[in-house]
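Chains as they are written, first to last, in the working numbering: chain A, 1 to 529; chain B, 530 to 823; chain C, 824 to 1203.
Honestly, I wouldn't trust all of these hints.
[Said to hold, decoys possible] Derived DMTMM-like pairs (lysine to aspartate or glutamate); straight-line CA-CA distance at most 20 Å:
1) A/K22 / B/D598
2) C/K994 / C/D972
3) C/K1165 / C/E1090
4) C/K994 / C/E1082
5) C/K1066 / C/D987
6) C/K1003 / C/E938
7) C/K994 / C/D1057
8) C/K981 / A/D457
9) B/K713 / B/D598
10) C/K1110 / C/D1057
11) C/K1066 / C/E1042
12) C/K981 / A/E350
13) C/K1066 / C/E907
14) C/K1155 / C/D1011
15) A/K507 / C/E907
16) C/K984 / A/E68
17) C/K1155 / B/D677
18) C/K901 / A/E350
19) A/K196 / C/E907
20) C/K896 / A/E523
21) C/K1155 / B/E794
22) C/K901 / A/D504
23) C/K1165 / C/E1082
24) C/K994 / C/E1072
25) A/K426 / A/E523
26) C/K994 / C/E966
27) C/K1003 / C/D860
28) C/K1165 / C/E1107
29) C/K1088 / C/E1109
30) C/K984 / A/D457
31) C/K896 / A/D457
Keep in mind that the hints were calculated from the coordinates and are not lab data.
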Amino acid sequence: MNSVASTTTQDTDDHGPAKGIKRWLFTTNHKDIGTLYLWFAFIMFLTGGAMAMVIRAELFQPGLQIVEPHFFNQMTTVHGLIMVFGAVMPAFTGLANWMIPIMIGAPDMALPRMNNLSFWILPFAFTILLASLFVEGGGPAFGWTFYAPLSTTYSGDSTALFVFSVHIMGISSIMGAINVIVTICNMRAPGMTWMKMPLFVWTWLITAFLLIAVMPVLAGAVTMVLTDKYFGTSFFDAAGGGDPVMFQHIFWFFGHPEVYIMILPAFGIISTIVPTFSRKPLFGYSSMVYATASIALLSFIVWAHHMFTTGMPVYAELFFMYCTMLISVPTGVKVFNWVATMWRGAISYEVPMMFSVAFIVLFTFGGFSGLMLAITPVDFQYHDTYFVVAHFHYVLVTGAIFSLIAATYYWLPKWTGVMYDLVLAKWHFWCSLISVNLLFFPMHFIGLAGMPRRIPDYSIQFAGWNQLISIGGFAFGLSQLIFLVLVIKACRKRGAVVNHQVWDGAKGLEWQLPSPAPYHTFEKPPKIE
Amino acid sequence: MSQQDKSQYYVPAQSPWPIVGACAFFLIAFGAGHMVADLQDPQASQWGSLLLIAGVLVLFIMLAGWFKDQINESRSGLHNRQLGISYRQGMLWFIFSEIMFFAAFFGALLYLRVIAVPWLGGDSNNAMTHAVLWPDFVPQWPLTETPDGTKTQAMGYWGLPLINTVILLTSSVTIHFADLGLKKGNRKQLSSMLFITILLGIGFLFLQVEEYIHAYQDLGLTLSSGVYGNTFFMLTGFHGLHVTLGTLFLLVMWLRIVRGHFSSENHFAFLAASWYWHFVDIVWLCLFLFVYVL
Amino acid sequence: MVSSAQRVLLLCLFTGIQVLPAAASESSINLRKGVTDISHQVYDLHMTIFYICVVIALLVFGVMLYAMVFHRKSRGAKPANFHESIKVEIAWTIVPFLILIAMAVPATSTLIDMEDASQADLTIRVTGSQWKWHYQYHGHGIEFYSLLDTPMEQIQNKWIKGDDYLLEVDKPLIIPTERKVRFLMTSDDVIHSWWVPDFAVKKDANPGFINEAWTRVNEAGIYRGQCAELCGKDHGFMPIVVKAVPPAEFDSWMLQQKEFIRQAKAEEQRLLAMSMSFDELMAEGEKVYGAYCAACHQPNGAGLPGVFPGLINSVVTRGPVADHIEIVLNGKNGTAMQAFAKQLTLKQLAAVITYERNAWGMNSGDIVQPKDVHLHKQGQ
Ligand code: HEA
Ligand code: HEA
Ligand code: CUA
Ligand SMILES: [Cu+2]
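One chain only, chain A, in its complex shape (with noise of 0.2 Å):
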C-alpha cells in the first residue's frame, strides 16, 4: 500500500542518542520514550500484581491468616489503582509513542518534549502512591473507587497523598493525549489519509480523545474529595445538602469510558495482528472505525450501570440499562469483523496470533458477562461480587494485558532487531492461558453463589474454588516472569538477527523500517500512496 520515499540510515548527523543517563533524563525521542513507558509499565504491572498475590494468599483459605483487614483493603485498593494509572495506561501509551509516528509516517510525537515531560511525572506519581502505604494508619483502603464518605469523613491520613498524586497522574495522562491527538492530526505523512490510517491508531485517537474529556473529571472529583475532608464543604455529605451517591456519578463519569481507554487500542492491537498471520485484509475497516467512535460516544452515557443498587429513579435505571446494552453491539461488529478476517485466510499461529485468537474468545467472555450486568433487575444479584471481579478481570487481563503482550510479541523484533526465544514464549502463552483461567473462571461460580467483593475472608462454603483461584493466580504470576525473562534476553539482542519484514503476512510502515528501527525514523516524509 505505501513506500517509503526516504529511509533513514543515512542521517546520523547530530542527534543520536545521548550517552549514559542523560538520554534517558532529557530524551525526546518516541522510540526512547516509548521504551520508558513499556518498562515503566512492566514494573508496575509486576508490583500491582505481587499486590494481587498477596490478596490471593489471603484467600487461599477462608480465616484470617497473613493479613490484616485494614492492610487487605489497602491491597485490594493500590492493586486496582496501580494496574490501572500505571500498568495498562503507561503501556498503551508507551506502545503508542513506539507505533503511531512510524505508522503515520512521522519523525516524531508533535511535541517531543512535553512528552518527556509526561512520562517523568509518573514514577514521581507512582512513588507518592506507594509512599502513602508506609504513613501511619497505611495507604488508601477504599477501594480503586474511593467512594465518599469512606475516603472522606472516614479515611486515614494518607488521602491528601493519594489525591495529589491521582492529580499529577492525571496531568500525565492529559499531555500524553494532547500529544497523541496533535501527533495524528498533524504530523501524518502525505497521502496518509484518515482512511488510510492504520487501525491501531485510529482506535488511540479516539481514546486520546476519551482520555482528555474525562482525566479532568477525575481531577474534580478528588478536588471534591479532598475538600471534603480536609475544608469543611459538603458535596458528598446530606447534612450540607449534598449527595454521596453523586460522587459516585461523578467518577462513573470518568470510570466508565476510563474502561474503554483500556481496551479500544487492544481492539486496535488486534486488527493490526489478525490480518498479518490470515494473511488477509481485515474484513471491514470502515465499520471498525465507526464501531470505535460509536463503543466512544455510548461510553458517555452508561456509567451509571455501576450504580444500580444505589437507589436511582427506576426510568434513570432504564435508561442506563438500554445503553449499556448497545454498546454490545458495535463491540459486536468488531468480534464478527475479526472472525470474519480469519474466515477464509492462511492462518498461521506465530505467538502474536495466539494471544490475538486467545483475546477474542476470553474478551469476548469478559463481554458477555458484562452484558449480563448490564440487566439491571439481575445486577441486583451480581454487584459487588466476585462475578463482577471475574467480568473486569476477564476484559482487562485476557483482553487488555494479553492484547499488550500480543503487542510485544509482534514488534519486540522490530524494536530490538532479533527474534525473541520462541520456545519461552510458547511456554509463556500456555502457561499463561491454563493459569490465567483458572485464575479468573471460577470467580464466577463464587460470585453467583455470593461471594462479596472485596472482603479478606469468606464463608466455608467458598473455600474450594477460592484455593483454586490462588494456585491460579500464583501459576499465572509466575508465568508472566517468563515474559520477564524473555524481554530482557531480547533486549540484550540475545536471539536470530531479524530483516526489516519479520513477519510475512504483515503491512504497514514499520515493516519497511530496518530492525531494529534506527533512532530517527523520517526526517522526510515518506510518501504514501
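Place chains B and C with the ligands on chain A using the hints.
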C-alpha cells in the same frame, strides 16, 4: 515563522526542562499532600508547606527556562509551520481539558440543584428521605439553610458580580483589538490594548477578593456553609485561579511585546494567551448565569 | 513443538470446559433461585441471558474454530481476498440488536416490579453502621442491633470454623412470610449495602438518604446475606441474617418483644437505684468491649494508629470521667466514633467505661455506675 513547507520535519533537541518539571510536580504533590494532612494538627512540622513552596518555585524556574529556550529557537527561525500548527492544536485540546475540569464542577452544581436538594426535600423516589430523616428541611436554591441547619445568605448578582461581568467582557474585546493590532502590524495598538486587558484582569481579581470578603464578613457565606457555599467558592475560586494565571500569561506576553517579540505571522504564544483569556471569559459567563443569576 | 492442530484442539477443549460447568445449574456455582416470586423471575432472567450468550458463543466460536482448523496455512490454505460487505455488516448489526430487545423486555417488567415498594404490610428501617445493622420496626417501637456472632478464635483459625462461619449474628431480623415487607435503607456513617440473595434484594444504605426495597417471602426459613458495599476495615464481617416465620408466629413474636422492652425498662429503673460491684462491671465490660469496641480500638486497646486511636492511657481514658461518658454516649461527629447511647443499655455503658478505665494495666480504680451514665444523659 520560517516559511518552510511540510517537506522537512523539525524535531526539537533534548532538553533538561521536562524532568525538572516532573520534579516540580513531585515536590508540589508530595508537599501539598503533607501540608493538607497536617492542617488539623497545629503541632505538625511545616515541611510539607516548604516542599510545596519549593515545588512551585522549581515549576516557575522550569517554565521560565523552557519558554526561554523555546523563544530563542522560535526567534532564530528553527520552528516551522507544522510545529506552529501542532502548538495551536495542542493548546486547543488543553483548553478542552480545562473545559471538562470545569464541567465536573458545573455538573456537581447541576446535580445538587436539580437532584440532591429536591430529593432531600422528598422529591422523586425519596419521600421517606424527607419524612424520616429531614422532616424540617425546606428544599430551595440558593440553599440558604442546609439540612443540618447551617444558615447563610445568598450572593445576589447585582453589584460586584455584574461589574465583574462587564469588566471581563470588556477585556475580551480589548484583547481582540490587541490581536487585530498584531495582525495589522500596529504594535502600539497591540501593546496598549493588551495592557488594558491586563489592568482589567487585575481589576477583576481585586473585586473578586472584595466580594469574598463581603461574603465571609457580611453574608456568612463561606466555603463550608453547605453545598451553596461549596459550589459558589469552588467555581468562582477555580475561575479566579485561572484569571490569575491568565493575567500572568498576558503579562509575560506584554513584556515580550515591549521587547519587540512576535510578528504578524509568528505569534503562537500570544495567540494561546488570548485563546486562554477568551476561555476564561466564557467560563465566567456560564458562572454568572448559573451561580449568580438563576 | 505441539502441532497447530493439537493447539487448536486444546483451545477448544478449554472453551468447552469453561462453559459446561457454568451451564449446570448447581447451587454452589450458580445463582440461588431464592424464595420470593421476584427472586425466581431474576433467576429465570439470569438463565435466559446466560443461555443466549452460550448460543452466540457457540456460533461465533464455532465459525472461528472452523477457520482456525481448516483455513490454516500449514494445510495449504490460500488466502481469499474478500473484504467489506455492507450486507453482512448490516446483518450482524441488526441481529444482535434484536436479540438485545428480546432481553430488555422481560428485564424491564421485572425491574418495574422490583422497584414498586408501595402498599407494604410492614415497614422496617434498616440502618447500617460500621459494622452492624440496626433494625427498627416502624410504628411498633421495636428495634435492635444485629452483630456478627462468629467468635474471634474461629476467625483467627484457633477454633474449628462452624457451618455458618461469618454468616451468623446475635439477633437475626425477624419478618413474616406471605406479607409484603418494605425496607427503608439508610446509614449512620459510610455506604453499606443490604443484600439477601434469596430475596434478590440488594440496596445501598446511603447516609442521609433513604432507599426503599421490598420482599414477600414464600417459605419460612433462615436466610443469610452480607454487606455488599466496601464500608471500611470490617466490611467482610457484617453479615445479615433474616428469619422468616409464618404470620401468626410473627405476630406473637411482636407481642413478646414489646413485653421484653417493658421488662428491660423496669430493670433499668431498678439498676439506677443500686450499685454494681467492680468485678461485675469489669466482667460485663469486657464482654461489651469485645463485641462493640474491639473492632476499632482493638482487643488489646491499642487501636490502629492513624485510623482509630488507642485507649491505653489516652487523654480521655485518663481524663475526667464525664468526658469519657460523653464520647461513648454521643460519639464524635465527623469521625468513625459513633454514639452508643441508643445501642447499649445503661448497664452495658457503665460497664464498658469502667472496663476501659481499668483494663490493659491502667487500673485507675474509677468505677462508673449505671446511674452515673443516667445522670449524664439527663444533664443534657
Ligand atoms: C476493559 C475494560 C472493560 C470492558 C471492555 C468492559 C465492557 C463491558 N462492561 Fe464492564 N467493567 C469493567 C471493565 C470493563 N468492562 C470494570 C473494571 C468494572 C468494575 C469496576 C469496579 O466496580 O471496580 C466493570 C463493571 C461493569 C458493570 C457494573 C457491575 C456492577 O458493579 O454491578 C457493568 C454493568 O452493566 C458492566 C458492563 C459492561 C458491558 C455491557 C460491557 C460491554 O462493552 C461488553 C460488550 C461485549 C460483548 C457483549 C461481547 C462481544 C459481542 C458479541 C459477540 C456480539 C453479540 C452479542 C450479543 C448481542 C449478546 N461492567
Ligand atoms: C488491568 C488491571 C488488572 C490486572 C492486570 C489485574 C490482575 C490481577 N488481579 Fe486484579 N483487580 C483490578 C485490576 C486488575 N487486576 C481492579 C481494578 C480491581 C478492583 C479493585 C477494587 O476492588 O478496588 C482488582 C481486584 C482484584 C481482586 C479482588 C480483590 C477484592 O475484591 O478483595 C482480586 C482477587 O483475586 C484480584 C486478583 C488479580 C490477580 C491474581 C491478577 C493477576 O493477573 C496478576 C498477575 C501478575 C503478577 C502476579 C505479577 C508477576 C509476578 C511477580 C511479581 C512475581 C511474584 C509472583 C509470585 C509470588 C507467584 N484483583
Ligand atoms: Cu457494611 Cu460493607
Ligand atoms: Cu462501566
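Evaluation of the provided hints:
1. Distance hint between A/K22 and B/D598 is fulfilled; the C-alpha atoms sit about 18 Å from each other, no more than 20 Å.
2. Using a Cα cut-off of 20 Å, the hinted pair C/K994 and C/D972 holds, with the two alpha carbons roughly 9 Å apart.
3. The hinted pair formed by C/K1165 and C/E1090 meets the criterion: a straight-line CA distance of about 16 Å does not exceed 20 Å.
4. Proximity of C/K994 to C/E1082 is assessed by CA-CA distance (about 17 Å); at most 20 Å being required, the pair is judged to hold.
5. Distance check on the hinted pair: C/K1066 and C/D987 sit about 14 Å apart at the alpha-carbon level, within 20 Å; holds.
6. With a C-alpha separation of about 13 Å, the suggested pairing of C/K1003 with C/E938 holds against the 20 Å cut-off.
7. Among the hinted pairs, C/K994 with C/D1057 is consistent with the structure: their alpha-carbon atoms are about 18 Å apart, no more than 20 Å.
8. Our distance criterion of 20 Å between C-alpha atoms is met by C/K981 and A/D457, whose separation comes to about 15 Å.
9. Using a Cα cut-off of 20 Å, the hinted pair B/K713 and B/D598 is violated, with the two alpha carbons roughly 28 Å apart.
10. The straight-line distance between the Cα atoms of C/K1110 and C/D1057 is roughly 19 Å, inside the 20 Å bound, and the hint therefore holds.
11. In summary, the hint linking C/K1066 to C/E1042 is supported, as the alpha carbons are separated by about 10 Å, within the 20 Å threshold.
12. For the suggested pair C/K981 and A/E350, the alpha carbons sit about 52 Å apart, so the restraint of at most 20 Å is broken.
13. Annotation: proposed proximity of C/K1066 to C/E907 is violated, straight-line Cα distance about 61 Å (limit 20 Å).
14. Restraint check for C/K1155 and C/D1011: the C-alpha separation of about 12 Å stays at or below 20 Å, so the hint holds.
15. For the given pair, A/K507 sits about 18 Å from C/E907 by alpha-carbon distance, which is consistent with the 20 Å threshold.
16. Simply put, C/K984 and A/E68 have alpha-carbon atoms about 19 Å apart, close enough for the 20 Å limit, and the pair holds.
17. The straight-line distance between the Cα atoms of C/K1155 and B/D677 is roughly 16 Å, inside the 20 Å bound, and the hint therefore holds.
18. In summary, the hint linking C/K901 to A/E350 is supported, as the alpha carbons are separated by about 17 Å, within the 20 Å threshold.
19. Using a Cα cut-off of 20 Å, the hinted pair A/K196 and C/E907 holds, with the two alpha carbons roughly 14 Å apart.
20. The suggested pairing of C/K896 with A/E523 is violated, with an alpha-carbon distance near 38 Å, which exceeds 20 Å.
21. The straight-line distance between the Cα atoms of C/K1155 and B/E794 is roughly 65 Å, outside the 20 Å bound, and the hint therefore fails.
22. For the hint linking C/K901 to A/D504, the alpha-carbon distance of about 14 Å falls within 20 Å, and the restraint holds.
23. Using a Cα cut-off of 20 Å, the hinted pair C/K1165 and C/E1082 holds, with the two alpha carbons roughly 19 Å apart.
24. Only pairs whose Cα atoms come within 20 Å are accepted, and C/K994 paired with C/E1072 is accepted, the gap being roughly 17 Å.
25. Straight-line distance between C-alpha atoms of A/K426 and A/E523 comes to about 38 Å, which puts the hinted pair past the 20 Å bound.
26. Proximity of C/K994 to C/E966 is assessed by CA-CA distance (about 11 Å); at most 20 Å being required, the pair is judged to hold.
27. About 12 Å separates the Cα atoms of C/K1003 and C/D860, which keeps this hinted pair within 20 Å; it holds.
28. For the suggested pair C/K1165 and C/E1107, the alpha carbons sit about 18 Å apart, so the restraint of at most 20 Å is met.
29. Taken as a hint, the C/K1088 and C/E1109 pair is broken in the structure, with Cα atoms around 23 Å apart against an allowance of 20 Å.
30. Taking the CA atoms of C/K984 and A/D457, the gap is about 12 Å. The hint holds against a cut of 20 Å.
31. Of the pairs offered as hints, the one joining C/K896 and A/D457 is violated, with about 51 Å between alpha carbons and a cut-off of 20 Å exceeded.
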